[in-house]
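Novice: Please put together the full structure from these sequences, using the hints given.
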Amino acid sequence: MKKIRMLALTAVAATAATVAAVAPASAADQDNLCQSKELCLFWGSNYSGQYKDFYWNVRDFGNIRYPYYGVSGGGAGERVKNNAASAINWDYVTARVYYNENWTGPYDDVPPRGRRNLYHTWNDNASFRFLP
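Take the sequence shown: its position 121, counted from the start at 1, is 121 in UniProt numbering, and no numbers get skipped.
Derived by calculation from the structure, the hints in this document are not laboratory data.
For each residue, glycine too, the CB sits at the ideal point set by N, CA and C.
Among the hints, a few may not be true.
To be verified - Listed next, with one range per pair, are the computed distances between beta-carbon atoms:
| # | residue 1 | residue 2 | range |
| --- | --- | --- | --- |
| 1 | R59 | Y92 | 17 to 25 Å |
| 2 | Y68 | W122 | 21 to 29 Å |
| 3 | N102 | S72 | 27 to 35 Å |
| 4 | P132 | S72 | 35 to 43 Å |
| 5 | R79 | P106 | 18 to 26 Å |
| 6 | G105 | S72 | 30 to 38 Å |
| 7 | Y68 | L131 | 30 to 38 Å |
| 8 | K37 | N100 | 21 to 29 Å |
| 9 | P106 | S72 | 25 to 33 Å |
Specialist: Encoded structure:
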């Protein structure tokens, strides 16, 4: 009986460890939903086309791409870098979109809980961060 109980406890512990290992670091980050505490960058002006959501600051959009899902308009599969025209900020602090990597160069501020078409970084954006 002790042996069966020990095997059962070992199986439960192994299952719990496996579930913990595959759980995402942040369920909200890049889940293709534009929601609270995220910046969403849109491929098109006026919040049109595909969008990508960001929960954390990004130093370089690099190879991050717009997803393929049922949103009308363009941008599916395109890189976010140098391909964003508008933004919605669902956080309570300002989000700043930069022209260059590493949060440098000209920028556009998206106010807390606000939205805008990008101007200085329209289709020339490489990084963003939430301001302290």
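Novice: For every hint, state whether the structure bears it out.
Specialist: For each hint, the structure was consulted:
1. Separated by about 22 Å at the C-beta atoms, R59 and Y92 satisfy the suggested range of 17 to 25 Å.
2. For Y68 paired with W122, a C-beta distance near 23 Å keeps the hint of 21 to 29 Å intact.
3. The given range of 27 to 35 Å is respected by N102 and S72, whose C-beta atoms sit roughly 34 Å from each other.
4. Restraint check, P132 to S72: a C-beta distance of roughly 37 Å satisfies the suggested window 35 to 43 Å.
5. Range check, R79 to P106: about 19 Å between beta-carbon atoms, so the 18 to 26 Å window is met.
6. As the Cβ distance of G105 to S72 is approximately 32 Å, the hint placing it in 30 to 38 Å holds.
7. Against the hinted window of 30 to 38 Å, the Cβ-Cβ separation of Y68 and L131 comes to about 32 Å, which satisfies the hint.
8. Roughly 25 Å separates the CB atoms of K37 and N100, a value that falls within the hinted 21 to 29 Å.
9. A C-beta distance of roughly 30 Å is found between P106 and S72, which places it inside the suggested range of 25 to 33 Å.
Violated hints: none; the structure is consistent with every hint.
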